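**Q** Residues per chain are reported as follows:
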Amino acid sequence: MNDFPINENKKPSKEHGTIASYVAGFVLSLIYTLIPYYLVVNHQFSTSALITTIISFGIAQMIIQVVFFLHLGRGPKPFYNVVFFFATVGLIVVVVGGSMFIMDNLHYNMTPAEASKQLAEKEAIYQVEGKLTGACQKLLANHVVTISGGKVTPLHTNAQLCDTLTFINQDNRISDIAFGPHPRHDAYAGETELTVKKGKNKTITLNQAGIYQYHDHLDPTIAGDFIVAK
Amino acid sequence: MVDEQAPTHHQAEADDRALFGFWIYLMTDLLMFSVLFAVYAVLHGNTDGGKTGKDLFSLNLALTETLILLTSSFTCGIGMIAARAGRKNQVLTWFGLTFILGLIFLGLELNEFSNLIREGHTIQSNAFLSSFFTLVGTHGLHITSGLLWMAVTLIYIAKRGLNSNMVRKLAMLSLFWHFLDIVWIFIFTIVYLRAFA
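If you're matching them up, the sequences are chains A and B in order.
Per the working numbering, the first sequence starts with residue 3, numbered consecutively.
Per the working numbering, the second sequence starts with residue -13, numbered consecutively.
Source of the hints: derived by calculation from the structure; they are not laboratory data.
On a predicted model such as this, the values are computed, not experimentally measured, just so you know.
Even glycine gets a Cβ: it sits at the ideal position worked out from N, Cα and C.
One or more of the hints may lead you astray.
Unchecked claim - EDC-like mimics (lysine to aspartate or glutamate), calculated; alpha carbons at most 20 Å apart, straight line:
1. A:Lys200 <-> A:Asp221
2. B:Lys37 <-> A:Asp188
3. A:Lys133 <-> A:Asp173
4. A:Lys140 <-> A:Asp173
5. B:Lys40 <-> A:Asp188
6. A:Lys200 <-> A:Asp173
7. A:Lys202 <-> A:Asp173
8. B:Lys40 <-> A:Asp227
9. B:Lys155 <-> B:Asp15
Said to hold, decoys possible - If the Cβ cut is set under 7 Å, some of the chain A residues that face chain B in the computed set are:
10. Tyr39
11. Ser58
12. Val84
13. Val85
14. Phe86
15. Ile94
16. Val97
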């Protein structure tokens, strides 16, 4: 079958990989592609957990392909290419991680009006040089919404500006509160999504007057509304 | 560890050096992609009130592209085994298959781009689309040059046969192709899957 002999007397070396190693790499890659796809299509977790999961699967698949397709570390003697590979990965971590860290920080400190209001709320700054930030000077009454058995109680909450609203999750699952009617996600007071783990609670300050709806992003039948009067 | 085959010893060393040089190029290329990824990660929310990735992308199309590129990476690997064994016809078959799969991938990507542009979502629309077209387009350009390289190499092999020089060139080409598949996994994850998360 050989059209010409290359190193005929040299036994096939492992460093270039065998059909078995390519098949293994191919099958593993398929699995590591389809699992995150399935997770995203069925929206298994909350958004932040999902992003962490799919990126982990991406990194795992990269390692699989580096080992089974690129055969890194199975080359000749001193592993200069391995050293170079890890040096590059280190640089990438610095460049990508550093950029995201810096830009996130920048975003945190130079934000649109609504987000800076949320920030002012968090840090209890109700005025800056005599200018009101929209944050509440004093928090008034607290209202509680309990999620249990796939329902919210009470369905409707009436509140005054600068009251607080607490979501308590008594169900055995995570709850992702989004504002607006399903499937829309609006922001309320700078919050776009409120993740309440099972058995935990989250509180927001009602510093925006009006009528607002909310729903559980993972189960839109869990929904309610609140009215904030001036 | 020590290669006892005197006649092939020099050739093997030269091959290793050439492949290492190519490896360094791949790593610097990877650095360039990582910068484009960082840009996309920072800007993907800046849609200037326009549509987000969730409204613009098709997850099924992205999955199809991923599976096609993954399969082409596999056929490329099998072709490389045939090349090292000196089987010319098998090399032409497997790399030919890789070439066709790469061409289909490129066609799907260009189709996606032209659909977006026809609907008015161009590279100039907003920062999100600028970074999207730059990142995915750069990968597409790499695929295009890989396909050209593959076509030239295959024509050469078909006409003049397989020799150890050509095997080394095929080894570099397959490294390049596997590398592009790895970059695409991150595009699939960070651009497409993340948009629907």
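**Q** Run every hint past the structure and note whether it holds.
**A** Here is how each hint holds up against the structure:
no., hint, result
1, A:Lys200 <-> A:Asp221, "holds, 14 Å"
2, B:Lys37 <-> A:Asp188, "holds, 15 Å"
3, A:Lys133 <-> A:Asp173, "violated, 43 Å"
4, A:Lys140 <-> A:Asp173, "violated, 32 Å"
5, B:Lys40 <-> A:Asp188, "holds, 16 Å"
6, A:Lys200 <-> A:Asp173, "holds, 6 Å"
7, A:Lys202 <-> A:Asp173, "holds, 10 Å"
8, B:Lys40 <-> A:Asp227, "violated, 26 Å"
9, B:Lys155 <-> B:Asp15, "holds, 18 Å"
10, Tyr39, "holds, 6 Å"
11, Ser58, "violated, 10 Å"
12, Val84, "violated, 10 Å"
13, Val85, "violated, 10 Å"
14, Phe86, "holds, 5 Å"
15, Ile94, "holds, 4 Å"
16, Val97, "holds, 6 Å"
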